[in-house]
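A.B. asks: Build the full structure now, drawing on both the sequences and the hints.
From first to last, the protein sequence lines are chains A and B. Numbers 1 to 219, taken from our numbering, label the letters of the first sequence in order. Numbers 1001 to 1216, taken from our numbering, label the letters of the second sequence in order.
Simulated from the structure, these hints should not be mistaken for lab results. Just so you know, even glycine gets a beta-carbon here, dropped at the ideal spot from N, CA and C. Accuracy of the hints is not assured; some may be wrong.
[Said to hold, decoys possible] Which stretches of chain A does chain B cover? Using the computed rule of at least three CB atoms under 8 Å from a CB of chain B, they are:
hint	stretch
1	16-23
2	34-48
3	57-71
4	125-136
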Amino acid sequence: MLKLHGFSISPNHNKVKLALLEKGIEFEEVLQRPSQEESFLTHSPMGKIPVMEVDGQFFAESLAMLDYLDKVFPAAPLLPVDAFERAKCREMMQIIELYISGAGAGAQLTGAALFGAPISDQEKKDAEAMIARGVKAVARLAKFAPFIMGSKFTQADCVAFPKLGFVATVTSKVLGKDMTAGIPGLADYMKYMADRPAVQKLVADQQQAMEQFMASQKK
Amino acid sequence: MLKLCGFTASNYHNKVKLALLEKNIPFEEVITWPSKEAEHLARSPMGKLPFIDIGGETITESQVIIDYLEDAYPATPLYPSDPAPRAHVREMIQYIELYLEWPARRLYLESFFGGKVSDDTKTEVKSHLKRGVNALVKRVKFDPFIAGKEFTYADCAAYTHFPTVSQTTKAIYGEDMLADIPGLKEYSTMLRQRPHAITVNNDRKSGMEAFMARRK
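C.D. replies: Shown next, in the form of structure tokens:
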């Protein structure tokens, strides 16, 4: 059976988990934290989670996993058939990934929000500026009809729901304001998504993991 | 005809351009400069380059463009047809872009444009780059291509980003941080000799002057 190694607080983990749940693929979740241990790096060269294991073969990088899942399990496809519409879904995913929750700004804000890591005023300012641009771009491209890219649930929803939810929490905590509030229609979309059985399972697991995590931080 | 909008000094522009050439897709190159004007943002929501224009509709983000090219022009595929090796090619592109080129980008102000980057930033970027290099070492094949026997999009990314990262780390740290990757030198020499790579590189050289002149 397919194994997803990671933990349910991570939006990157939840992105892949949501795709698995929505596609109805059977999988086993294995608890794994990010690690720089050499044994883990052979499976995930950057030490990141999630990692997907299929018949002893390991896959890193969540977007590559989403693409893989649609190729291997073509039933319940999570991308439109039309090449241009597909590209617009992927464009949305990339903008959320790179500029809103991305490698630069996102990592520092996450560290500050979850672990109380130090963050300078300049870093906060830079993060805010980058996210503000990303938010405008998402507002320009999002359809919310009712899904983020139109009438069908797609990979872009697998990215948007966990990632934008996480950014809302993190920016509220560190910058004192929910930066995603600048996306008209997002609040209703998040509520609409929350009614989906797959999303309910995702959120319940996440809350449970978060409580355990917070308890462990207090010790 | 498909239009590639951007400027030839950009490594992301050149990654897409090399893919278009390798796939024999006819295209028109429209030199376009970064801008925050509303008109530009309507075409490229983050204001970024390159983007492609297909009959007035646009697609941004080089990785997204590449996936589109593969979907819309399936002849001459540049992804493996099997899902597992395909996923590993995408993974490789992430290592090259997200974990090498993206952190190195924070140094370009000093390495290319005569500005100054703080020592803290240099130290932080170096630790990111080390991780990126270590990740790459675990996955590169150079057999003879970066992900195996076939030329793929990962080679398009490697071709345009590696020299930029090498030059930058040499300028900032006094050492080329990619130099220790076994086989990389021979691989890069082999890639540079591909006819389409030569075209891209010649255009880059002439485009670089125009780009530097604009920055002044």
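A.B. asks: Give a verdict on every hint.
C.D. replies: Status of each hint after checking the structure:
Under a criterion of three residues with beta carbons nearer than 8 Å to beta carbons of chain B, the stated coverage of the stretch 16-23 of chain A fails, only 0 such residues being counted. Three residues within the 8 Å Cβ limit are the bar, and the stretch 34-48 of chain A against chain B gives 5, so the coverage statement holds. Taking a C-beta to C-beta cut-off of 8 Å, the stretch 57-71 of chain A contributes 10 residues in contact with chain B, enough for the three needed, and the coverage statement holds. Remark: the stretch 125-136 of chain A is confirmed as covered by chain B, as 3 of its residues place a Cβ nearer than 8 Å to a Cβ of that chain, reaching the required three.
Of the numbered hints given earlier, the model fails hint 1 alone.
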